[in-house]
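Chemist: Single-letter residue listing:
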Amino acid sequence: MNKFSQILGAVAAGLAVFIAAWFFIHAGHGGSTSAHAEDPAVAAATVQPGGAPIDSSKCILPVEQMRSSHMQVLDKWRHDSVRDGNRVYVNPEGAHFEKSLNTCLGCHNNNPMFCFMCHQYADVKPTCWDCHLSPMEVPQ
Amino acid sequence: MSKYAPKTEELKKEFEEKKPRLLKGKFDGMDWWDIPVEFRDGNWCFPAKPEVLDELHFPNPRKWAATDKDWQLPANWEKTIRDGMKDRLKRFRSFKVFMDSCVRCGACADKCHFFLGTGDPKNMPVMRAELVRSIYRQDVNAFARVLTKFSGSRKLTPEVIKEWHMYFHQCTECRRCSVFCPMGIDTAEITMMARELLNLIGVNNNWILAPVANCNRTGNHLGIEPHTFEQNIMSLVDDIEEVTGVRVNPTFNRKGAEILFITPSGDVFGDPGVYTMMGYLLLFHHIGLDYTISTYASEGGNFGTFTSNEMMKKLNAKMYHEAKRLGVKWILGGECGHMWRVVHQYMATMNGPADFLQEPVSPITGTKFTNAKATKMVHIAEFTADLIKHNKLKLDPKRNDHLRTTFHDSCNVARGMGMFEEPRYILNKVCNVFHEMPENTIREQTFCCGSGSGLNAEEFMDIRMRGGFPRASAVAHVREKHKVDSLVTICAIDRASLTPLMRYWNPGVSVYGLHELVGNALIMDGEKKRTEDLRENDMAGFEEDDDE
Amino acid sequence: MRKVLQPLLLVLVLALIPYVGVTYGKLDYLFGIIIPYTAVAILVLGMLWRLIDWVRRPVPFRIPTTCGQEKSLDWVKTNPLESPSNPFMAALRMLSEVLFFRSLFRNTKAELHGGPKLVYGSHKWLWLGGLAFHWSLLIIVVRHARFFMETMPMPIQMIDSFDRFLDVTVPAFYLTDAIALAAITFLVARRLSDEKMRLLSLSTDYFPLFLIGGIALAGISMRYVTKVNIMPVKSLTMTLASFGFTAPEPIGALFYVHLFLVCVLLVYVPFSKLLHMGGIFLSPTRNLPNDSRAKRHVNPWNPDIKFRTYAEYEDEFREKMKKAGLPVDKQ
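Protein chains in written order, with numbering that gives the first Met the number 0: chain E, 0 to 139; chain R, 0 to 547; chain X, 0 to 330.
If you are wondering where the hints come from, they were derived from the structure by calculation, not from laboratory data.
Below 20 Å or equal to it, Euclidean Cα-Cα: the simulated EDC-like pairs (lysine to aspartate or glutamate) are:
id	chain 1	residue 1	chain 2	residue 2
1	R	428	R	484
2	X	329	R	224
3	X	76	R	435
4	R	17	X	194
5	X	108	R	438
6	R	372	X	73
7	X	116	R	461
8	R	428	X	73
9	E	124	X	162
10	X	108	R	15
11	E	75	X	166
12	X	76	R	438
13	X	116	R	484
14	X	305	R	309
15	X	116	R	15
16	X	123	R	438
17	R	254	X	314
18	R	17	X	110
19	R	388	X	73
20	R	323	X	303
21	R	367	X	73
22	X	116	R	435
23	E	124	X	149
24	R	393	R	240
25	R	372	R	257
Label pairs and their computed distance ranges (CB to CB):
id	chain 1	residue 1	chain 2	residue 2	range
26	X	310	R	479	53 to 59 Å
27	X	311	R	6	45 to 51 Å
28	R	40	X	141	57 to 63 Å
29	X	124	E	56	56 to 62 Å
30	X	324	R	49	34 to 40 Å
31	X	112	R	397	33 to 39 Å
32	R	141	X	124	32 to 38 Å
33	E	95	X	36	45 to 51 Å
34	E	126	X	152	18 to 24 Å
35	X	1	R	6	40 to 46 Å
Only a predicted model underlies this, so the values are computations on that prediction, with no experimental measurement involved. For glycine and all other residues, C-beta sits at the position ideal for the given N, C-alpha and C.
Whenever a hint applies, use it, and build me the whole structure from the sequences.
Modeler: What follows is the structure, given as structure tokens:
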């Protein structure tokens with residue numbers, strides 16, 4: 000009986016940690032999306048994909064923000080475009096962009112090492128290239 | 000019973016009122032160092048008499064009592080304590096590491112029998128150690144000297160000494176807390192250090208130091224002189240003859256015997272220890288052992304252990320000295336608790352190597368006791384278990400059918416030696432009814448009797464009955480469940496102290512030594528028809544006219 | 000309450016120091032280079048001094064706490080782990096303490112019931128919380144190797160990917176971050192919720208918990224919420240790893256809060272209860288085999304003690320002994 004209750008206790012504890020972890024994940028997720036600017040009104044509007052004018056002279060967000068948060072922007076884009084079919088991103092200044100990795104690579108195509116230099120240095124292995132063709136693999 | 004203890008009903012009421020809490024009193028918002036120390040009847044032992052200290056050349060002999068306002072500490076006592084502490088920190092890595100590495104996780108808090116019985120927060124082992132640690136911090140850490148409250152450090156004052164005296168004499172060095180400590184911190188070690196320090200300034204306990212002085216002079220704690228010692232054993236021989244019809248013939252101080260037998264002097268004089276002694280004598284006669292008993296090394300126990308390392312060594316030295324003089328091959332030791340802590344963990348280191356002795360071999364079975372090949376001293380339970388295993392004893396366990404037994408592991412044998420199986424093996428062979436107490440109260444988790452380490456004084460009865468409560472509660476459990484009425488032990492202090500404890504908490508439960516039951520069960524050559532056990536109580540199923 | 004609030008306040012003040020220093024004082028070099036080196040030097044030298052200081056002190060007696068059957072007669076079943084009879088088993092016992100907190104696993108909780116009688120229940124929460132806390136801290140420290148090496152070595156990479164196996168959130172969520180925070184919360188809560196724990200806890204018990212909690216919160220915030228640019232961080236840590244003194248590029252102040260609290264922790268270790276990480280290995284009740292009757296343990300300072308010899312004893316009692324018929328050496 001005692002052994003049984005011990006096992007039960009251990010299972011309960013494991014479950015508790017797991018649940019706590021999940022709560023944390025979702026809290027973390029919510030926190031991360033609210034960290035960068037996006038107009039919910041625009042996101043809700045039905046703008047035709049491809050209808051957005053692309054201004055390639057400026058990045059979607061200030062460079063400092065991009066450096067620290069680009070992974071979260073891209074993650075959000077992936078979710079919006081794949082899950083919700085919402086492919087238009089409006090930045091805080093009102094400029095429209097297509098939610099696509101190509102939007103980035105459209106400008107940052109001059110150097111195939113653009114992504115890799117930093118990722119390698121920081122020893123980060125993003126999952127982008129699991130699906131997308133990596134710039135390293137595109138013949139120049 | 001004792002004027003030094005509350006009535007059982009009063010103590011029961013106290014427990015009923017605070018349950019399920021363990022702490023007694025309210026401490027919210029308090030720091031532990033603000034809780035005052037109160038000496039009252041029943042919670043302190045009488046200090047050593049001046050003549051005892053003189054005999055031992057111990058410092059500061061005087062007449063005083065713990066309830067005095069001024070304890071007449073010697074001049075410069077602070078320096079004595081501080082220097083003494085530094086010296087011991089230098090000599091004992093254990094002390095230093097235990098001072099440094101406690102994280103106050105509290106796992107030990109509810110493991111101490113004195114805490115469980117008194118509900119006094121300073122009886123939590125972690126707090127007990129903090130009493131010393133708070134002074135230690137002052138000396139080793141500059142920050143602690145300034146940030147006293149933050150770091151839990153404090154100045155050494157007479158109040159601290161009073162606190163030490165109180166709480167290092169409410170620790171029986173039983174090591175139960177050490178079993179649960181994730182750092183392996185052993186409060187027994189800290190208590191030993193603290194008691195050494197207190198002895199340096201004449202803060203002491205007569206129930207410890209009087210036996211020490213006795214043992215030094217006469218060879219045993221009770222101060223029995225050689226002729227009386229011999230007479231008393233011979234009167235036990237008469238008693239044995241009366242019960243069994245067999246005349247056993249122990250020898251004393253006999254040179255050339257194969258084995259020297261040493262047991263606590265409580266077995267020679269105290270009730271119910273004497274019945275255990277009768278058991279040993281019957282056993283040795285039964286197997287025809289070539290042994291002798293010494294009147295000089297007539298004490299197995301060692302109250303020096305509760306005084307200082309030096310005193311422990313001084314008293315223990317007699318065993319090897321006598322074994323060498325008598326020219327025996329090895330030493331057999333009787334049932335005792337702290338005696339075995341000393342023999343097992345200290346004896347060879349302190350007074351060895353015992354090159355003049357031989358590696359112990361049982362003369363009856365030929366078994367080599369390789370686990371004792373350096374110290375050359377074998378525990379009687381190991382010896383007897385080996386005899387039974389080899390079918391060398393004629394036993395009739397039915398002769399103990401009038402007893403329903405349970406077994407109390409003695410703290411020192413359990414946690415300072417690791418002997419659990421042999422006594423159980425013997426018990427199962429010599430009696431038919433044996434029930435274990437709950438698993439959290441036996442083996443390495445066994446509870447102290449509450450009176451060990453020299454706290455068996457009459458005037459300490461209040462704390463003793465409280466400290467023994469966890470043990471008594473476990474006995475009550477098997478008494479209710481299995482009608483157990485006999486508590487079997489392998490420790491002389493247990494036999495002396497569990498008896499009043501049972502009378503207090505569980506009337507109707509008697510205390511037995513393991514070898515008393517062996518003695519009951521032994522079928523001796525040429526014995527008369529046995530109808531009574533060694534206590535001259537009727538056995539069940541052996542009435543006079545039963546067989547007709 | 001003072002015992003709890005003081006250390007909490009202290010950690011907040013400590014966190015504020017680098018924040019103010021970097022934001023308003025432009026003291027990046029102090030907090031990025033000078034303090035970290037100093038802290039590591041104090042940690043290493045401090046721990047070294049502590050260890051030497053411990054090891055120098057002799058172990059006069061062999062005093063293992065025996066929690067199982069000793070090795071005795073051949074047919075008696077022994078407990079080699081809890082009563083080790085040789086140094087190898089003693090080492091295993093020690094490892095089981097260090098890695099799995101074996102003694103804490105025994106923990107029980109006593110309660111007073113009617114009768115009165117004492118009841119003991121299994122109480123493994125402290126064991127679980129402690130284990131979760133220490134193991135997740137270790138994993139967190141280990142996977143910080145990514146900052147101090149060009150690429151993580153294979154074993155660390157495996158630990159890292161195991162830690163993020165849930166593969167949720169970007170950047171990937173580390174399990175140990177949550178476990179560490181939950182465990183710290185539990186460890187603080189248990190000190191506050193039990194009256195025994197409230198009484199026996201000192202400010203110095205809360206302080207390291209709050210400090211580690213602060214470090215974890217700052218770190219987690221940087222990774223998931225407030226974000227910092229990782230490139231200058233790695234550049235600084237690589238500088239530190241190669242013992243360089245190049246001034247760091249601008250990094251968010253939160254990073255310096257994280258780093259400074261870590262430095263405080265490192266400095267705190269050799270002078271506090273955090274020493275237990277070394278102390279446990281040297282605990283004579285756990286790291287010695289229970290073989291003191293089979294093998295003589297030597298005490299380097301074994302004192303010469305004059306004891307009362309048999310001859311002295313016989314001199315005092317000779318006549319009485321003779322009368323009682325006891326043999327005597329001298330007539």
